[in-house]
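2 protein chains.
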Amino acid sequence: MAETGKIAAPQGPIHRAIPEGDNRERLLCRDCGFIHYQNPKIVVGAVVTWREEFLLCRRAIEPRRGYWTMPAGYLELNEGASAGAMREAWEEARARIAVDGLLAIYDVPRLSQIQLIYRAHLDAPEFAPGEESLEVRLYGWDEIPWTELAFPSVHWGLKHHRESAATGDFAARSQTF
Amino acid sequence: MAETGKIAAPQGPIHRAIPEGDNRERLLCRDCGFIHYQNPKIVVGAVVTWREEFLLCRRAIEPRRGYWTMPAGYLELNEGASAGAMREAWEEARARIAVDGLLAIYDVPRLSQIQLIYRAHLDAPEFAPGEESLEVRLYGWDEIPWTELAFPSVHWGLKHHRESAATGDFAARSQTF
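Chains as they are written, first to last, in this note's numbering: chain A, 1 to 177; chain B, 178 to 354.
In short, the hints are calculated from the structure, not lab data. Misleading hints may appear alongside valid ones.
[As the list claims (entries may be wrong)] Negatives, chain B to chain A, calculated, CB over 12 Å: (1) GLN188; (2) GLY189; (3) ARG201; (4) ARG207; (5) ARG228; (6) GLU312; (7) GLU325; (8) PHE347; (9) ALA348.
[As the list claims (entries may be wrong)] Label-pair distances were calculated between CB atoms; the ranges are: (10) ARG64/A to ASP300/B: 17 to 23 Å; (11) ASP319/B to GLN38/A: 31 to 37 Å; (12) LEU254/B to ASP123/A: 49 to 55 Å; (13) GLN175/A to LEU254/B: 26 to 32 Å; (14) ILE238/B to ARG30/A: 25 to 31 Å; (15) ARG193/B to GLU126/A: 31 to 37 Å; (16) ALA301/B to GLU126/A: 55 to 61 Å; (17) HIS36/A to PRO240/B: 47 to 53 Å.
[Claimed, not checked] Far from chain A, by Cβ distances over 12 Å, these chain B residues were calculated: (18) CYS206; (19) VAL285; (20) VAL313.
Think of the CB as a built atom: it goes at the ideal place given N, C-alpha and C, for glycine as much as any other residue.
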């Protein structure tokens, strides 16, 4: 509590405590009482192909600036998951993608993420770097810069896509990492 | 800003504005500058069977107090999705469930929810109401109280489970509602 004549700046939800009726520590603000419930986040993305090639973006931002990724990012409020994957492809690669189905669900509790990765294709090889990309290009399977991929899920997505195409089994994978 | 000698209570993140470098309105606190990024939430749950019967819980809490649901709730930070479904079955139905696989992903943008619903079974018909349940019981398919189910996803889950059992196709469904 601030003393009269000496106003302390509010600190925001930085204090750990268990709210009444709850059974876990949450972050709360001692000034206004706001409880900041933190929840796992949903990442949506797509393995995007043009004929036999894969669309990858070289990241212009941290983390992993300079490394290659598929278009992906956080799902927004009131956004359908495949619509979110389409938005990310537009934002990062200026690509209009057609979504063919759900490729995989990656459950990554270490990062508190559920990733929904779609299979998608381009109807024309039209793309360009968005604000978060340095470069966008198509790679044949044997050209993919495996050692310069930004995140493990880029590996997983590309490999699951390859498996689906090889086996004809397009059922969504579900895997915990 | 509070005047000297007259301290206004902080209000918490209730003001809508677009933070610098962002492109959407977020809720922020004018007192401490905290930005409350709201994200869609992940619900985890399970259609749980004992032999040919389905485990349902009558809710002791709002919303939909008195109506029947499968065990389900919000995924916690750093929790695997199937582990979350097991925790919810314990909390709501004092049931130790064995998870057999992912039954379905329900994408509900209207509610900003992604629901991951598992197929699970009991190894023994042992259960009891947890704090959030008035009653827990097993229902044969023809006894299910269809008009007293708490949420549409309880219908969807039960029907998808029935379809999987009938067709032998246990690939996870992916559907937007």
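Outside-interface status for ARG207/B - nearest CB in chain A farther than 12 Å: Violated, since 9 Å does not exceed 12 Å.
Minimum Cβ distance from GLY189/B to chain A greater than 12 Å, as the annotation requires: At roughly 4 Å from the nearest Cβ of chain A, GLY189/B sits no farther out than 12 Å, so the non-interface label is violated.
Separation of CYS206/B from chain A, once the least beta-carbon distance is taken, above 12 Å: 6 Å, violated
25 to 31 Å as the expected CB spacing between ARG30/A and ILE238/B, which holds or is violated: 28 Å, holds
Minimum Cβ distance from ARG228/B to chain A greater than 12 Å, as the annotation requires: 25 Å, holds
Chain A versus ALA348/B - minimum CB to CB distance exceeding 12 Å, so not interface: 3 Å, violated
Pairwise beta carbon distance, HIS36/A to PRO240/B, judged against the given window 47 to 53 Å: 23 Å, violated
Assertion that GLU325/B lies outside the chain A interface [Cβ separation over 12 Å]: Non-interface label on GLU325/B holds, nearest chain A Cβ at 26 Å vs cutoff 12 Å.
Nearest-CB test (12 Å) between chain A and PHE347/B: 9 Å, violated
12 Å Cβ clearance of VAL313/B from chain A: 20 Å, holds
Range hint compliance [Cβ, ARG64/A to ASP300/B, 17 to 23 Å]: For ASP300/B against ARG64/A, whose Cβ atoms are near 44 Å apart, the range 17 to 23 Å is violated.
LEU254/B and GLN175/A - C-beta distance against the hinted 26 to 32 Å: Because 20 Å falls outside the window, the suggested range is violated.
In terms of the numbered hints stated before, the structure departs from hints 1, 2, 3, 4, 8, 9, 10, 11, 12, 13, 17, 18 and 19, listed from lowest to highest.
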